[in-house]
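Novice: Sequence:
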Amino acid sequence: MARLTRKVCVLSALLVLVTSAVNVYAESEDSNDGVTVEVEEEDQYRSPSIDSKSIYLAEHFDDESAFKKKWVKSEAKKQGVDENIAKYDGKWEIQAPSRKILRDDLGLVLTTEAKHAAISALLDRPFEFKDKPLIVQYEVTMQEGQNCGGAYIKLLSRGANTKADLRKFFDQTPYTIMFGPDKCGNDNKLHFIFRHKNPKNGTIEEKHSKKPTQRLEDIYKDKEPHLYTLVVRPDNTFSVFVDHKEVNAGSLLEDFTPPVNPPQEIDDPNDKKPEDWDEREKIVDPAATKPEDWDESAPAQVPDPAASKPAGWLDDQPDMIPDPDAQKPSDWDEDMDGEWEAPLVDNPLCTVGCGAWKPPMIPNPDYKGIWRAPLIPNPHYKGKWAPRKVPNPDYFHDDQPFRMTPIHAVGFELWSMSPALLFDNLLVTDDEAAAADWARQTFDLKRAKLSRDSDSVVERALQYLAANPWLYAVLVVVAFLVVATVAYCCCTDSKGSDELKKTDGVTEDDPHPHDDAPAPPRRKTALDADPDQHQEQEQDQQQEQEQEPEPEEVAEATPLVDTDGAGDGQRKRKPRKE
1 MARLTRKVCV LSALLVLVTS AVNVYAESED SNDGVTVEVE EEDQYRSPSI
51 DSKSIYLAEH FDDESAFKKK WVKSEAKKQG VDENIAKYDG KWEIQAPSRK
101 ILRDDLGLVL TTEAKHAAIS ALLDRPFEFK DKPLIVQYEV TMQEGQNCGG
151 AYIKLLSRGA NTKADLRKFF DQTPYTIMFG PDKCGNDNKL HFIFRHKNPK
201 NGTIEEKHSK KPTQRLEDIY KDKEPHLYTL VVRPDNTFSV FVDHKEVNAG
251 SLLEDFTPPV NPPQEIDDPN DKKPEDWDER EKIVDPAATK PEDWDESAPA
301 QVPDPAASKP AGWLDDQPDM IPDPDAQKPS DWDEDMDGEW EAPLVDNPLC
351 TVGCGAWKPP MIPNPDYKGI WRAPLIPNPH YKGKWAPRKV PNPDYFHDDQ
401 PFRMTPIHAV GFELWSMSPA LLFDNLLVTD DEAAAADWAR QTFDLKRAKL
451 SRDSDSVVER ALQYLAANPW LYAVLVVVAF LVVATVAYCC CTDSKGSDEL
501 KKTDGVTEDD PHPHDDAPAP PRRKTALDAD PDQHQEQEQD QQQEQEQEPE
551 PEEVAEATPL VDTDGAGDGQ RKRKPRKE
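Residues 1 to 578, numbered by the numbering used here, are exactly what the sequence shown covers, in order.
One thing to keep in mind: the hints can contain errors.
[As the list claims (entries may be wrong)] Beta-carbon label-pair distances, calculated as ranges:
id, residue 1, residue 2, range
1, 86, 162, 22 to 28 Å
2, 63, 223, 22 to 28 Å
3, 307, 366, 17 to 23 Å
4, 285, 366, 38 to 44 Å
5, 367, 274, 44 to 50 Å
6, 364, 384, 38 to 44 Å
7, 319, 290, 43 to 49 Å
8, 124, 164, 14 to 20 Å
9, 367, 330, 58 to 64 Å
10, 124, 86, 41 to 47 Å
What the hints contain is simulated information worked out from the structure, not anything from laboratory work.
Each residue gets a CB set at the ideal place from its N, CA and C atoms; glycine is no exception.
Produce the complete structure using the sequences and hints provided.
Specialist: Structure representation (C-alpha cells):
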C-alpha cells in the first residue's frame, strides 16, 4: 500500500511538472505575441485619430465641449402622435459607460426612456454618390438591454444644411439612408433602408433590404458594445457587418422591397373575367347513381356476435362497494357536513367482472357510409383566369440606384423603452481601410479587453491550443505517459502482493518468530528502577496465566486470522488482552 501511495505521488508530481511547463511556456508566448501590448494600450487609451482626406464625419464623443458645439438637439415635435408626447424631450448626455472598459472613454447616452429624442450634426462636407463607396460605422451599447426601441442612424438628405435646419429635425425630415438595429418584442431588425427617387415623376419611395442571414438576438440583451458597419458601393452592391462579421449582402437592384425598377408590364386594371369562365378542374360525375344495395343507415360498429359472457361474471354485483373498514370521523357533523357515506372501493368479488354484461363492439362489415358521386375531369375547364398584361405607364429603368440624394448631416431620431443607450465612435467615410483603422483604435480594443476579462481558463486554453497546434502533440505524449504510468503501477502492485503472500516473513502479529531471529532489545522502563513494583507485577502475571484456558480451548474460541506474509496456511492468534 505504501508503495502504491509513493507511485501515485510520483505520478501527480509528473503531471504537475508537465502542466506547469506548458503554462510557463504559454505565458512566455503570451508576453511576446502582442497581448501585453494591448493591455498597455488600454491603460494609455487616447481618442482615435484619422486622416481627414477621406472622412466626412469622425465623432468619438470624448470631448464634451466639442460635442456641444457640433451637435444640435431637436426642438421640433413629432407628427401624428398625442400632444403630450410629441415633443422631442429625451435627454442626451456625454457619459462614461456604466461598465467601464477603456479608461477615459466616453460616449453619447440617451438617458431617458419612453420619450422621443432627436439629435443631429452636420457633416464636415456633403457626401455625394459618385465613384466612391459610402461607409457608415458606429457603435451601440444597450447598457440595460432593449425591450422595445431603435438605435438606428439617419443620414439626412440635402436640405438639412444649417444648424437652424437641425433644430427642426423630426420624423418627417428627409433622409437618404436609415441604418441600424431596431427591436420591439420578438421582432428584431437590422435596418438598411434607402429612399429612391423615381426618375420619371420625381416621387420618393423607401426601399427595404432583405433580412440578415444570421440571428442577431444577442446584440439586444448581452449589454456589450457592438459595431455596425454599412458599405454601399458604386457597383450597386452593399454589405452589412456586425462586429466585423458580414450578416447581409446583396444588390441594390435585386435585394430590396419593393424593387428599384418597376415591371415593364402590369395587369390590365380594366380587364374582367368572363361570366362563362369555368375554373373548376374537376366536377361531380352527373351520370353517377347510388347502388341499390348501398345502406347509408348501417352503423359503423356492431356487437360481436361470436362473443360470450366469461365464466364467473357476476351480473347482480356492483363494480364498486362502500369500504367496509371505513369509519365515520369523530368530528363529523351531519348538520354541517351532511350525511356521512363510506368511500367506495373495488368490489373484491368482481375478479372477472360485475354488472350487466355486453358484448364488445366490432367494425360493421356492411357499413359503407354516406354515398358520394365520384369526380371526373371538367370538360369545360379553362384554367385559372388572370387579367391580360399591358405596358406599365410608370415603367422606368434605373441602372444606377447608388446615385442617391447627397447626404449633408447625420442624426438619431429615436423612441426607446430602455434607457442608457450608448452611441460611440461614429464615422462616415469613403475609404474602407480608414473605417478598419478607426475600429482598431476603438472597438477592437474594447472587444479585446472584454475577451480577456470574460474568458475562463478552459476557453483561454482552447484558444491557445488553436493558435499553437503543436501543443496537441504534447498533450498526446502526456496522455500516453499517464496511461503507461497507471498501468505500470497496477501491474507492479499486483505482482508485489503475490510475492508477499508466498513468503514466510514474520509480521508484527506473528506469534511464532523464527528461532534464529535475534530477540529485539528490551527498552528500559520505570519498573527496572523499582524492584518491588516489578516483583508485584510478576506475581499478577503468574495468577493470570493460571486462570487462562488450555491451548485447545483457546484454539476453539479464537477465530482463524490470515495475516499478510503469514505463510501458505492460516495461523492461530490469541486475542490480545485488554
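Novice: It remains to establish, for every hint, whether it holds in the given structure.
Specialist: Hints and how they fare:
Between residue 86 and residue 162, the C-beta spacing of about 24 Å keeps the proposed range 22 to 28 Å intact. Distance hint check: the CB atoms of residue 63 and residue 223 are about 26 Å apart, consistent with the given range 22 to 28 Å. With their beta carbons about 18 Å apart, residue 307 and residue 366 fall inside the hinted range of 17 to 23 Å. Distance hint check for residue 285 and residue 366: the Cβ-Cβ separation is about 25 Å, which falls outside the suggested range of 38 to 44 Å.
The supplied range of 44 to 50 Å is met by residue 367 and residue 274, whose beta-carbon atoms lie about 45 Å from each other. Between residue 364 and residue 384 the CB atoms are about 43 Å apart, so this pair conforms to the stated range of 38 to 44 Å. Look at residue 319 against residue 290: about 45 Å separates their beta carbons, and that is inside 43 to 49 Å. Range check, residue 124 to residue 164: Cβ separation about 18 Å, and the 14 to 20 Å hint holds.
In this structure the supplied range 58 to 64 Å holds for residue 367 paired with residue 330, their Cβ-Cβ distance being about 60 Å. Against the hinted window of 41 to 47 Å, the Cβ-Cβ separation of residue 124 and residue 86 comes to about 32 Å, which falls outside the hint.
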